[in-house]
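Novice: Residues in the sequence shown are numbered consecutively from 1, following our numbering.
Hints in this document: simulated from the structure, not taken from any laboratory.
Keep in mind that the hints are not guaranteed to be accurate.
[Claimed, not checked] Restraint-style ranges between C-beta atoms, simulated for each label pair:
(1) 69 - 28: 47 to 55 angstroms
(2) 157 - 51: 20 to 28 angstroms
(3) 69 - 33: 35 to 43 angstroms
(4) 66 - 36: 24 to 32 angstroms
(5) 127 - 151: 31 to 39 angstroms
(6) 33 - 146: 23 to 31 angstroms
(7) 23 - 148: 27 to 35 angstroms
(8) 23 - 140: 20 to 28 angstroms
(9) 23 - 105: 41 to 49 angstroms
(10) 126 - 62: 15 to 23 angstroms
(11) 28 - 4: 33 to 41 angstroms
(12) 106 - 31: 24 to 32 angstroms
All residues carry an ideal CB built from backbone N, CA and C; glycine is no exception.
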Amino acid sequence: MRNWLKSLLFISAFSPALLALAGVRYYSTGLDAVFYQLVLIAILGMILPFIILSLIRKQAETINFKAKKVESADYLLLVFIGSYIAPIIMKVAEINFEVTALIVGMLFLVAWIISYIPTHPLLYIAKFRFYKVESDSGMVYMLMARRVIRSPKSIKEVKQISHSMLME
Numbered sequence: 001m002r003n004w005l006k007s008l009l010f011i012s013a014f015s016p017a018l019l020a021l022a023g024v025r026y027y028s029t030g031l032d033a034v035f036y037q038l039v040l041i042a043i044l045g046m047i048l049p050f051i052i053l054s055l056i057r058k059q060a061e062t063i064n065f066k067a068k069k070v071e072s073a074d075y076l077l078l079v080f081i082g083s084y085i086a087p088i089i090m091k092v093a094e095i096n097f098e099v100t101a102l103i104v105g106m107l108f109l110v111a112w113i114i115s116y117i118p119t120h121p122l123l124y125i126a127k128f129r130f131y132k133v134e135s136d137s138g139m140v141y142m143l144m145a146r147r148v149i150r151s152p153k154s155i156k157e158v159k160q161i162s163h164s165m166l167m168e
């Protein structure tokens, strides 16, 4: 798979923050076009990771994998939860679409460059867990799994999302 899938997963993690922005917009100016745009984009962004995972399940090749070390990466959820609350705390009254689009574009590029994405809160709610996994060859990956992994030996087969992300 390509890095653009990993980047889209990363960007979609910020979708609930748009709902918070829509709430701030509603309480500051009422119902307007920007409010509806924010809600629509947030809903599309919240559906996107599930579409991506469906594509990965159907089209990605299954590869055998031997893990040497596994460690939970769920602690990174705090970053996203903070980003969801930030618009409410800051009480953003006016939203400039051009600046927001520029920031989203920069986040997309950063996600393209970094090795793996932090945990995704929407996928966490859907029972996905994120792990930092070291293969027997020493390469470190971010692994998404629907189960709690307690031993690296229990990881047998994975699907590759990008060069540094795997899905069980």
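Novice: For each hint, tell me whether it holds in the structure or not.
Specialist: Hint by hint, here is what the structure shows:
1. The hint said 47 to 55 angstroms for the Cβ distance between residue 69 and residue 28, and at roughly 49 angstroms that hint holds.
2. For the hinted restraint 20 to 28 angstroms between residue 157 and residue 51, the CB-CB distance of approximately 23 angstroms keeps it satisfied.
3. In this structure, residue 69 and residue 33 break the distance hint of 35 to 43 angstroms, their C-beta atoms being roughly 51 angstroms apart.
4. Taken as a hint, the range 24 to 32 angstroms is violated for the pair residue 66 and residue 36, whose Cβ atoms sit roughly 50 angstroms apart.
5. Our hint of 31 to 39 angstroms for residue 127 and residue 151 is violated, since their Cβ atoms are close to 19 angstroms apart.
6. Residue 33 and residue 146 have their C-beta atoms about 39 angstroms apart, which leaves the hinted 23 to 31 angstroms range violated.
7. Separation of residue 23 from residue 148 is about 33 angstroms and conforms to the stated range, judged on CB atoms against 27 to 35 angstroms.
8. Taking 20 to 28 angstroms as the suggested C-beta distance range, the pair residue 23 and residue 140 does not conform, at roughly 38 angstroms.
9. Distance hint check: the CB atoms of residue 23 and residue 105 are about 24 angstroms apart, inconsistent with the given range 41 to 49 angstroms.
10. Restraint check, residue 126 to residue 62: a C-beta distance of roughly 21 angstroms satisfies the suggested window 15 to 23 angstroms.
11. Taking 33 to 41 angstroms as the suggested C-beta distance range, the pair residue 28 and residue 4 conforms, at roughly 35 angstroms.
12. At roughly 30 angstroms, the beta carbons of residue 106 and residue 31 sit within the given window of 24 to 32 angstroms.
The structure fails hints 3, 4, 5, 6, 8 and 9 (numbered hints given earlier, in ascending order).
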